[in-house]
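**Student:** Order-wise, the sequence lines are chains A and B.
For the record, in the first sequence the residue sitting at position 139 is 139 according to the numbering used here, with numbers rising by one throughout.
For the record, in the second sequence the residue sitting at position 194 is 495 according to the numbering used here, with numbers rising by one throughout.
Hints may contain errors.
Here are the simulated DSS-like pairs of lysine-lysine, each with C-alpha atoms no more than 25 Å apart in a straight line [to be verified]:
#, chain 1, residue 1, chain 2, residue 2
1, B, Lys418, A, Lys201
2, B, Lys418, A, Lys208
3, B, Lys594, A, Lys208
4, B, Lys569, B, Lys594
5, B, Lys618, B, Lys567
6, B, Lys436, A, Lys208
Hints were generated in silico from the structure; no laboratory data involved.
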Amino acid sequence: MSAVAAGSAPPSPSLRKRLAARGIDGTTLLVLPGVILTLVLFVYPCIYGVVDSLSPAKGPWYANYRIFFTDPFQYKTIAATLWLSVPVTLINVVVAIPIAFRVRLMRRQRLLTTILVLPITLGTVLVADGLLNFLGPRGWFNKTLMFFDLIEHPIRLTNNYWGVFASLIITGFPFAFLLTLSYVSGIDPAIEQAAATLGAKARQRFFKVFLPLLVPGLAITFCLSFVQAFSVFPSAILLGAPSGPTRVIAIAAYQAAFEQYNHSLGAAIAIIMGLAQLLVVVIVLGLRSLFYRGPAGGTKG
Amino acid sequence: MHDPEKRLDASGEIGLAEDSKAKNGRLELIDVRRTFGAYNALDGIDLTVEPGEFIALLGPSGCGKSTALNCIAGLLELTGGEIRLGGRRIDELQPEARGFGMVFQSYALFPHMTIRKNVGFGLAMQGVPAAESQKRIHDALGLVRLHGQEGKLPGQLSGGQQQRVAIARAIVIRPPLVLMDEPLSNLDAKLRLEMRAEIRSIHERIGSTTIYVTHDQDEALSLADRIVVMRDGKIRQIGTPEDLYERPNHLDVADFMGFRTRMTGKVKALSGGDALVETCGATIEAQAPGDIKIGDRVAVSIRPEDLVATHEGEGVKAKVESIEYRGRAFFGMASASDGSELFFRSDRAHARGEEIVLQPLAGRVRLFREGA
Chain A
1 MSAVAAGSAP PSPSLRKRLA ARGIDGTTLL VLPGVILTLV LFVYPCIYGV VDSLSPAKGP
61 WYANYRIFFT DPFQYKTIAA TLWLSVPVTL INVVVAIPIA FRVRLMRRQR LLTTILVLPI
121 TLGTVLVADG LLNFLGPRGW FNKTLMFFDL IEHPIRLTNN YWGVFASLII TGFPFAFLLT
181 LSYVSGIDPA IEQAAATLGA KARQRFFKVF LPLLVPGLAI TFCLSFVQAF SVFPSAILLG
241 APSGPTRVIA IAAYQAAFEQ YNHSLGAAIA IIMGLAQLLV VVIVLGLRSL FYRGPAGGTK
301 G
Chain B
302 MHDPEKRLDA SGEIGLAEDS KAKNGRLELI DVRRTFGAYN ALDGIDLTVE PGEFIALLGP
362 SGCGKSTALN CIAGLLELTG GEIRLGGRRI DELQPEARGF GMVFQSYALF PHMTIRKNVG
422 FGLAMQGVPA AESQKRIHDA LGLVRLHGQE GKLPGQLSGG QQQRVAIARA IVIRPPLVLM
482 DEPLSNLDAK LRLEMRAEIR SIHERIGSTT IYVTHDQDEA LSLADRIVVM RDGKIRQIGT
542 PEDLYERPNH LDVADFMGFR TRMTGKVKAL SGGDALVETC GATIEAQAPG DIKIGDRVAV
602 SIRPEDLVAT HEGEGVKAKV ESIEYRGRAF FGMASASDGS ELFFRSDRAH ARGEEIVLQP
662 LAGRVRLFRE GA
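Required output: the full structure, derived from the provided sequences and hints.
**Tutor:** Set out below in structure tokens:
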């Protein structure tokens, strides 16, 4: 340890070399901006929120959480949000798979992906506006059905569950699809060809070869899509029934914080929301670990 | 060359070729065509493969050899012609209905299945009963010397082992035809030599008809009963390794068979199969194809090992450009007065720029008509 005693021993490597051996060098500094941004914009607000939620205006430290979980008007928002986000996410992922399988073989993928990215860039408000016009009582959809005498009165498709549902599908599908496509394309086509030459029919190739290799990717896709859908807010208000069936948890948090001016309760609801998402994500990723998770390509020796 | 009876005996002990004789038939490709848009990947291929034969499709990348293999496997549809096996037309069958075993360059093992399940996949698809399936998997893994690895995943094996699993997986279903698409090109040089010998020995033991795609002429020469040299979607030459090595009928084939030096010359005299050719300021003797006349412009091809460097006597005068040591001899490149590049052999190192005389060994020079 002592520098004086080390006189005859070979000189120990410089600090820089010792750090480099542990993987710390000049390049490591490049992570600093990211670390700072994460601390300032994520870690600090997160901790602030937790502390805020545990400092209610009156009552013990858990008062906000007790308010939420004892009031059906509040705690039912969790079920309402799940009731929207889980089916929507499942449909998005399940529908994305066959389409991704077809698109994988297409040459002009870029055109298609561009078209699909558009709804993402438009934002939920514009989509909601479009859907109000299209699916509304006097919209094209009902007009067409009535023109062909398929229905007598307009079907109610907006300002209820189905309006929000449609909006979440439209904005969520491209995302789920693009992710699924990248996972599907990542599987070496020779693997499917090998299964075919060994006598597996299309159905067997899908269920015995593709699906097990896709499960990890689909789990990630499900989680990301689910988190997106669970935090639904604008379309639940614009297209849904925000005081009834589509009173999602984000609305509860908004109302607590900005209508009742109880920021402490708002923070508590936001944290409950985050924990609910986390729970679903943990369950899905836990199920994923039951499957093979290695590379899905041809492995070289 | 091969004794089918003996081969069947040898395979009887491992039980992989039991009904191969009944299933095997002659494979015929009749005017097979495949286009991609305006591009002719296969431009009328005619080929007959006898049961038990080992055929190599040899050619540079883009010559259509893999396309041909994929057409036979059913992974690509034909745009013309037909493929028959034992007289029965098969080109309209789906790949899963053909029952051929295929070995891929990337191995294409199922990464999520154990070695046992990988090898047993084809048997499971055929509905082979469990007891028989176990025995056949065991035999196939024994054949590729992989006992004891049954429970591992492909990712836990080395490249050579993975390729052996792929071979076991392909032959365990007792296919009438084994298709191999550059199976050794992902392996290192030493392993490639080992696996080459192993593939040949497996073929000799189970006697299955094999079509092997490669761009490596050494591989084709050492493995195949017959070699099919392809270029631009067409077959250039079909023959035994010896035929192709000694008597290439086309400049492209010669190029592939190691005739690196290519000079242009003019035929001065003919007698029987021999010709005297004037090239690069020298007159040399060469084997002439039948259709050559005196006065023809010809391409002259020689292998480096058949063009020897000296300092005196008759021969092509050239200046050494580079030289390298390759064990028993030195090999080098020299340029002739007309700029032709000559690849030669020597028993000693020459200095760059040294003037030498290059003498072709008698009977080792091939002539091809210009533009042929």
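**Student:** Could you run down the list of hints and mark each one as holding or not?
**Tutor:** Hint check:
With a C-alpha separation of about 17 Å, the suggested pair lysine 418(B) and lysine 201(A) falls inside the 25 Å cut-off, and the hint holds. A distance of roughly 11 Å separates the Cα atoms of lysine 418(B) and lysine 208(A); the hinted pair therefore holds under the 25 Å criterion. Between the alpha carbons of lysine 594(B) and lysine 208(A) the distance comes to roughly 65 Å, so the proposed pair goes past 25 Å and is violated. Pair hint lysine 569(B) plus lysine 594(B) holds up; C-alpha atoms about 9 Å apart against a cutoff of 25 Å.
A hinted pair counts as satisfied when its Cα atoms are at most 25 Å apart, and lysine 618(B) with lysine 567(B) qualifies at roughly 17 Å. A hinted pair counts as satisfied when its Cα atoms are at most 25 Å apart, and lysine 436(B) with lysine 208(A) qualifies at roughly 23 Å.
Of the numbered hints given earlier, the model fails hint 3 alone.
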